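This is what each chain is made of:
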Amino acid sequence: MKIGHIASNTFKESVREKVLYNLLLFALLMIASSLVLSEISIGQERKIIIDLGLSAVSLFGTMIAIFIGIGLVYKEIDKRTIYSLLAKPIHRWEFILGKYLGLLFTLLVNVAVMTAAIYAALFYLERGLQWSHGLILWAVLLIFFELALTTSLALMFSSFSTPLLSAAFTFFLWIIGHFNADLKHFGNLTESSFVSGLCDVLYYLLPNYGNFNIIQPVAHLEPVTASFVGTSVAYGLLYVALVLGCSLIIFQHRNFK
Amino acid sequence: MKVIELRDLTKDFQIGFFRKKPFRALDHLCLEVEEGEIFGFLGPNGAGKTTTLKILMRLLYPTSGSAWILERPISDVSVHARIGYLPESPYFYDYLTGEEFLSYCGRIFGFGPREVRRRTADLLDAVGIGDARLLPLRKYSKGMLQRIGVAQALINDPRVLFLDEPMSGLDPLGRREVREIILQQRQRGVTVFFSSHILPDVESLCDRVAILNRGRLVDCGKLTDILRMEITSLELVATNVAPPQSTQLERLALQANRLGERLHLRMADDGVVEQSLRLIREGKGKLISINPVRESLEDYFLKAMDQSDARDPGQGGTEKREAGS
Ligand SMILES: Nc1ncnc2c1ncn2[C@@H]1O[C@H](COP(=O)(O)OP(=O)(O)OP(=O)(O)O)[C@@H](O)[C@H]1O
Ligand SMILES: [Mg+2]
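Heads up: the protein sequence lines correspond to chains X and L, in order. The numbers in my numbering rise by one with no breaks, and the one at position 248 of the first sequence is 248. One gets my numbering by counting positions in the second sequence from 1 and adding 1000 to each.
Each hint should be verified, as a subset may be incorrect.
Pairs of lysine-lysine, DSSO-like flavour, derived with a Cα cap of 27 Å [as the list claims (entries may be wrong)]:
| id | chain 1 | residue 1 | chain 2 | residue 2 |
| --- | --- | --- | --- | --- |
| 1 | X | 79 | X | 2 |
| 2 | X | 2 | X | 75 |
| 3 | X | 75 | L | 1002 |
| 4 | X | 75 | X | 12 |
| 5 | X | 2 | X | 12 |
| 6 | X | 79 | L | 1284 |
| 7 | X | 257 | L | 1142 |
| 8 | X | 257 | L | 1303 |
| 9 | X | 12 | L | 1020 |
If we take Cβ atoms under 7 Å as the criterion, some of the chain L residues that face chain X in the derived model are [unchecked claim]:
| id | residue |
| --- | --- |
| 10 | 1059 |
| 11 | 1063 |
| 12 | 1152 |
Treat the hints as calculated values from the structure; they're not laboratory data. Here the structure is a predicted model, which is why all the values come from computation and not from measurement. Cβ coordinates follow ideal geometry from the N, Cα and C atoms, glycine included.
Working from the sequences, and respecting the hints, build out all of it.
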């Protein structure tokens, strides 16, 4: 329950961030402009709207996750608000988890708004919605897990380094994580067993963002398999749990100066 | 019952990345505080008072040594449900209003909504910021923040209260209010452990004090034992005394200063004061104040610091901090 209170306070805190509204505004603009773009691409209208729209959710969601995530813990330490809080009967892990869940809730709200915008654009284009449009929600679900992962990374880095460095690390992993599949591919091609071993290790160690991306098939309204979604969700949960575990261990040993 | 017990508490801070020798902020500090005491924790800037409190609050981990609160090790989170803590120059979530902040604190302790509302309202009034309860903390003055800090420390009716310089940033009225709050808490049987620089407050409140210098305990005990409380002289202030009497007064005094119409006189004892009062009356003057001058904590403090500095000029074993490092 304490976690819930910390989370709700974190939510209150994050909805006060101006950067949140700027990013949300950009995302909505991008979704709106997809309507304009679709005008000039005959026959591809729907695909463009879904593709651009979902990309906007992923991209701007990631930015929100990083920009707010890196400040979550850092700010509390920097402004010394953490002093009076941690002196109260809460465990440090409760604090971290509360912070994390609070930002996830913020992200959930934002993703919901952006998703609603995509549906509004589709509705405008097709003068109605069809059942097949429900597929978009699967893509959104996976994007949400992608964001959950990014948030956990930002939180982990911010539990021991400055916001700027945390942003850099998280962003770096986010980029690498999108080329993760290529890494495995490269490992298979190379002759050297050392390099291929290294690639394997990195492949499993680094986050694999490819697991969360079903934007293309969904844009074509191709069905997605439940097993793919399920596996991705399980992967996301496991990875988040590990990263949060690391954050907790780091945070548990911190001295607040 | 020993409510607070520190045993050989030591804290080293690593300064700089490459520096091998750490800076020792606390050096084998041992202390015991009994139930119901108001315990003053004194020392000059950088003595290690805040460090000690932060260790007790689990914000810092000691390098070695251990501590107990209410006979439980400080690592036991359940202890923290029964204590209150006011950090040094507190700063809280500035986007919350005073009321929201206190409610948040109350909920962290697991109180239900009605209970939280009652406690919040009571405390806001008790610390004198009931009017500002709907104002975001961003708009609070330093003194108001200090007061809301006191309030949040009291939200759970703690058994032990840890206050890090509770009077700093408060105006005289605020200081009196905090003093009253501390006394009220004592009446309820609460043990109060507070650090301070403001010696008159310490003198008027504390049952016992500990004096810390450079991380080491210099002295600990009843104020009356530490200080010889004898009155060394009396200070008398009067105005508008007619000239003949005023010169007589000046002659009587150990030390006299004249500031415009005002006379500041140091008198040796009660007898001389009696005489002076008569002179003031005769000279149609007005008595403003008479204050006993004692060996004050201040005097003691300075003496103790000097001694301990002399005993240990170089901080055995650890490097002394150079300016700017
Ligand atoms: N994070 C830190 N890193 C290095 N040194 C520190 C750190 N925190 C405190 N110190 C040092 O430890 C010593 C004790 O500091 P502390 O804040 O406990 O003093 P204090 O008694 O509370 O002083 P004040 O009366 O000024 O509040 C000081 O010399 C300080 O410079
Ligand atoms: Mg201090």
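The hints, checked one at a time:
Restraint check: the Cα-Cα separation between residue 79/X and residue 2/X comes to about 21 Å, which is no more than 27 Å; the hinted pair holds. Restraint check for residue 2/X and residue 75/X: the C-alpha separation of about 20 Å stays at or below 27 Å, so the hint holds. Simply put, residue 75/X and residue 1002/L have alpha-carbon atoms about 37 Å apart, too far for the 27 Å limit, and the pair is violated. About 14 Å separates the Cα atoms of residue 75/X and residue 12/X, which keeps this hinted pair within 27 Å; it holds.
The straight-line distance between the Cα atoms of residue 2/X and residue 12/X is roughly 15 Å, inside the 27 Å bound, and the hint therefore holds. Our distance criterion of 27 Å between C-alpha atoms is broken by residue 79/X and residue 1284/L, whose separation comes to about 58 Å. Straight-line distance between C-alpha atoms of residue 257/X and residue 1142/L comes to about 21 Å, which keeps the hinted pair within the 27 Å bound. Pair hint residue 257/X plus residue 1303/L does not hold up; C-alpha atoms about 31 Å apart against a cutoff of 27 Å.
Of the supplied pair hints, the one linking residue 12/X and residue 1020/L is violated, its CA atoms being roughly 43 Å apart against a limit of 27 Å. For residue 1059/L, the interface hint holds, the least distance from its beta-carbon to any beta-carbon of chain X being 4 Å, beneath 7 Å. Taking 7 Å as the C-beta contact cut-off toward chain X, the hint placing residue 1063/L at the interface is violated, the least distance being around 10 Å. The beta carbon of residue 1152/L is positioned within 7 Å of a beta carbon in chain X (closest approach about 6 Å), and the interface hint is therefore held.
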